[in-house]
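Student: These are the residues of each chain, in order.
2 protein chains.
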Amino acid sequence: MASYLEDLVDYFLSSSALVTYWNYIFPVLVGLYLAISLYDKHRYGRNKKLRITEPAATEKNGSKLDGIEYVGDLEHADYDPLPALEEKPHVPYAGATVTLAQDPLEAAERFYAIANNRRSVRKFSSRPVDVAIVERCIRAAGTAPSGAHTEPWTFCLVSDPSIKASVREIIEAEEFVNYTQRMAKQWVTDLRPIRTNHVKEYLTEAPHLVLVFKQTYGYKVDGDATAKKQHYYNEISTSIATGMLLCAFQCAGLSSLVTTPLNCGPALRTLLERPPNEKLLVLLPVGYPADDCTVPDLQRKPLEDILVRY
Amino acid sequence: MASYLEDLVDYFLSSSALVTYWNYIFPVLVGLYLAISLYDKHRYGRNKKLRITEPAATEKNGSKLDGIEYVGDLEHADYDPLPALEEKPHVPYAGATVTLAQDPLEAAERFYAIANNRRSVRKFSSRPVDVAIVERCIRAAGTAPSGAHTEPWTFCLVSDPSIKASVREIIEAEEFVNYTQRMAKQWVTDLRPIRTNHVKEYLTEAPHLVLVFKQTYGYKVDGDATAKKQHYYNEISTSIATGMLLCAFQCAGLSSLVTTPLNCGPALRTLLERPPNEKLLVLLPVGYPADDCTVPDLQRKPLEDILVRY
Numbered sequence: 001m002a003s004y005l006e007d008l009v010d011y012f013l014s015s016s017a018l019v020t021y022w023n024y025i026f027p028v029l030v031g032l033y034l035a036i037s038l039y040d041k042h043r044y045g046r047n048k049k050l051r052i053t054e055p056a057a058t059e060k061n062g063s064k065l066d067g068i069e070y071v072g073d074l075e076h077a078d079y080d081p082l083p084a085l086e087e088k089p090h091v092p093y094a095g096a097t098v099t100l101a102q103d104p105l106e107a108a109e110r111f112y113a114i115a116n117n118r119r120s121v122r123k124f125s126s127r128p129v130d131v132a133i134v135e136r137c138i139r140a141a142g143t144a145p146s147g148a149h150t151e152p153w154t155f156c157l158v159s160d161p162s163i164k165a166s167v168r169e170i171i172e173a174e175e176f177v178n179y180t181q182r183m184a185k186q187w188v189t190d191l192r193p194i195r196t197n198h199v200k201e202y203l204t205e206a207p208h209l210v211l212v213f214k215q216t217y218g219y220k221v222d223g224d225a226t227a228k229k230q231h232y233y234n235e236i237s238t239s240i241a242t243g244m245l246l247c248a249f250q251c252a253g254l255s256s257l258v259t260t261p262l263n264c265g266p267a268l269r270t271l272l273e274r275p276p277n278e279k280l281l282v283l284l285p286v287g288y289p290a291d292d293c294t295v296p297d298l299q300r301k302p303l304e305d306i307l308v309r310y
Numbered sequence: 001m002a003s004y005l006e007d008l009v010d011y012f013l014s015s016s017a018l019v020t021y022w023n024y025i026f027p028v029l030v031g032l033y034l035a036i037s038l039y040d041k042h043r044y045g046r047n048k049k050l051r052i053t054e055p056a057a058t059e060k061n062g063s064k065l066d067g068i069e070y071v072g073d074l075e076h077a078d079y080d081p082l083p084a085l086e087e088k089p090h091v092p093y094a095g096a097t098v099t100l101a102q103d104p105l106e107a108a109e110r111f112y113a114i115a116n117n118r119r120s121v122r123k124f125s126s127r128p129v130d131v132a133i134v135e136r137c138i139r140a141a142g143t144a145p146s147g148a149h150t151e152p153w154t155f156c157l158v159s160d161p162s163i164k165a166s167v168r169e170i171i172e173a174e175e176f177v178n179y180t181q182r183m184a185k186q187w188v189t190d191l192r193p194i195r196t197n198h199v200k201e202y203l204t205e206a207p208h209l210v211l212v213f214k215q216t217y218g219y220k221v222d223g224d225a226t227a228k229k230q231h232y233y234n235e236i237s238t239s240i241a242t243g244m245l246l247c248a249f250q251c252a253g254l255s256s257l258v259t260t261p262l263n264c265g266p267a268l269r270t271l272l273e274r275p276p277n278e279k280l281l282v283l284l285p286v287g288y289p290a291d292d293c294t295v296p297d298l299q300r301k302p303l304e305d306i307l308v309r310y
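Line by line, the protein sequences give chains A and B.
Counting from 1, one number per residue, gives the positions in the first sequence under full-length UniProt numbering.
Counting from 1, one number per residue, gives the positions in the second sequence under full-length UniProt numbering.
These are computed hints drawn from the structure, not numbers from a lab.
Among the hints, a few may not be true.
[Stated by the list, open to error] One-sided excerpt, in silico: chain B residues whose CB lies under 7 Å from chain A:
hint	residue
1	LEU34
2	ALA84
3	PHE111
4	LYS185
5	ARG192
6	THR196
Backbone N, C-alpha and C define an ideal beta-carbon position, used for all residues, glycine too.
Model the full assembly from the supplied sequences, consistent with the hints where possible.
Tutor: Below, the structure written as structure tokens:
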């Protein structure tokens with residue numbers, strides 16, 4: 001078979017017409033390739049969103065549909081999938097029973113006061129924080145909604161000083177390269193008012209670090225435990241959970257800082273021995289501000305700049 | 001010049017060595033191309049993250065660095081950028097002064113009770129909700145942190161019944177195609193326990209809809225108002241703000257539902273006349289659950305499944 005194919009290719013390559021006209025054929029091929037590429041880009045955009053509209057073709061491994069990346073072998077013609085969740089009768093829900101105040105307007109105002117009291121803290125006190133408080137906050141973050149209730153998050157709580165030191169070592173080495181080489185001049189300039197650089201004292205000063213990993217896919221619990229489970233909108237879901245975590249910290253009087261250690265994900269994943277389906281989304285130091293902590297003199301946009309009424 | 005080049009290309013294409021050996025040269029070129037592609041993919045991943053490490057090359061228009069998409073003409077050799085924020089002296093920050101309880105553990109526990117009381121509601125009562133409550137909640141969401149304090153979000157609050165009807169029309173038409181054609185069989189199956197389909201009554205039943213747009217870039221306020229401003233991590237930032245919005249709603253006793261209307265973004269943006277730098281991230285109906293509202297009998301993962309201690 002292989003030698004037959006080789007013969008065919010040999011014959012094809014040495015056929016006189018091809019040899020004679022290759023200088024016409026080759027540019028035509030290149031032109032065709034470019035035309036198809038340009039058409040593709042125009043029609044489907046950079047990420048090839050919406051490329052596939054036929055269901056049979058939609059579920060190819062690794063294909064993307066509006067931000068959804070498919071994993072594993074999801075579809076066969078005669079494949080009858082099981083839902084990731086159990087199908088049970090629904091239960092009544094009467095709405096919120098635990099709120100901040102009887103009057104909803106007062107409750108909203110009280111929550112705003114708590115939220116508006118938050119600032120990103122970059123200089124932490126070494127004052128210890130009972131790990132139980134941080135754990136309760138993480139438990140609250142875990143109540144976040146997620147695509148098809150996949151709960152695609154892992155919170156790594158680092159309290160051990162030597163592991164915090166290793167985290168700092170990894171991040172400072174990468175951040176030095178980021179600030180000096182990788183980040184655009186505009187980016188570094190935009191960060192100047194916030195006065196950040198590659199030195200991250202808070203990584204060892206803060207009593208705890210929370211590394212939030214998004215699980216880009218999961219594994220089925222029933223049946224074949226090696227079968228991959230789709231995690232829809234895992235980045236948005238995990239970011240929403242992070243927003244809830246920030247609220248929890250603030251309600252408990254703790255300060256934190258949302259950081260996105262650029263390019264440190266793989267090294268930190270290795271350090272914390274996380275599986276390959278987990279990708280670092282954000283890292284938050286948690287604790288109390290240092291006595292001499294200062295923050296940028298920022299204003300928040302007024303409501304009229306962020307709200308449009310219809 | 002052009003004709004000299006043409007002559008050169010002509011000469012090159014018709015040189016006898018190329019004609020004779022093209023059947024060797026062509027496969028070598030194809031092989032080289034494939035090898036480079038594979039190396040690229042292996043080294044830099046699908047999104048060509050980290051492709052560029054030299055600063056001069058990093059800031060090309062539209063290039064990506066670990067999820068950061070550059071916009072506009074950000075860099076010239078002799079370009080001295082201004083920071084997007086004003087550079088002012090920093091101010092002291094003493095940490096949270098408004099919390100849920102004196103004792104931080106009790107405060108964390110109380111916030112957990114509020115958060116754990118939240119469920120995604122798909123059947124809303126038409127009971128009106130004072131728009132001032134929703135606006136206070138949006139104001140709280142607007143206190144979220146964002147990359148370089150860019151605040152890359154717009155909250156569109158739709159209360160007008162006819163606009164809600166138009167939103168529903170757009171979404172139901174797209175969702176019908178999503179459910180029947182675009183979504184993988186596994187995806188539709190995973191949603192079966194949640195009992196969703198393309199009919200979205202809540203879009204007209206709920207008294208308000210909040211459409212959260214992420215601003216993929218902004219415009220500079222000082223100087224050239226048409227100059228684009230970089231919005232770092234705009235999706236993560238806007239999702240975090242959405243997480244805070246959910247907390248605000250829950251604190252105020254309101255119910256909601258995070259939805260990601262697949263492929264409806266452009267039509268909804270047009271309907272609401274939003275500018276091209278804004279992309280729909282999520283849509284949330286807000287209100288009170290209907291009297292006969294039921295929710296899936298879901299369990300949340302226990303803390304031990306989402307938390308890893310180090």
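Student: Compare the structure with each hint and give your call.
Tutor: Each hint, compared with the structure:
| no. | hint | result |
| --- | --- | --- |
| 1 | LEU34 | violated, 13 Å |
| 2 | ALA84 | holds, 5 Å |
| 3 | PHE111 | holds, 4 Å |
| 4 | LYS185 | holds, 6 Å |
| 5 | ARG192 | holds, 5 Å |
| 6 | THR196 | violated, 9 Å |
When the structure is compared with the earlier hints, violations turn up for hints 1, 6 and for no others.
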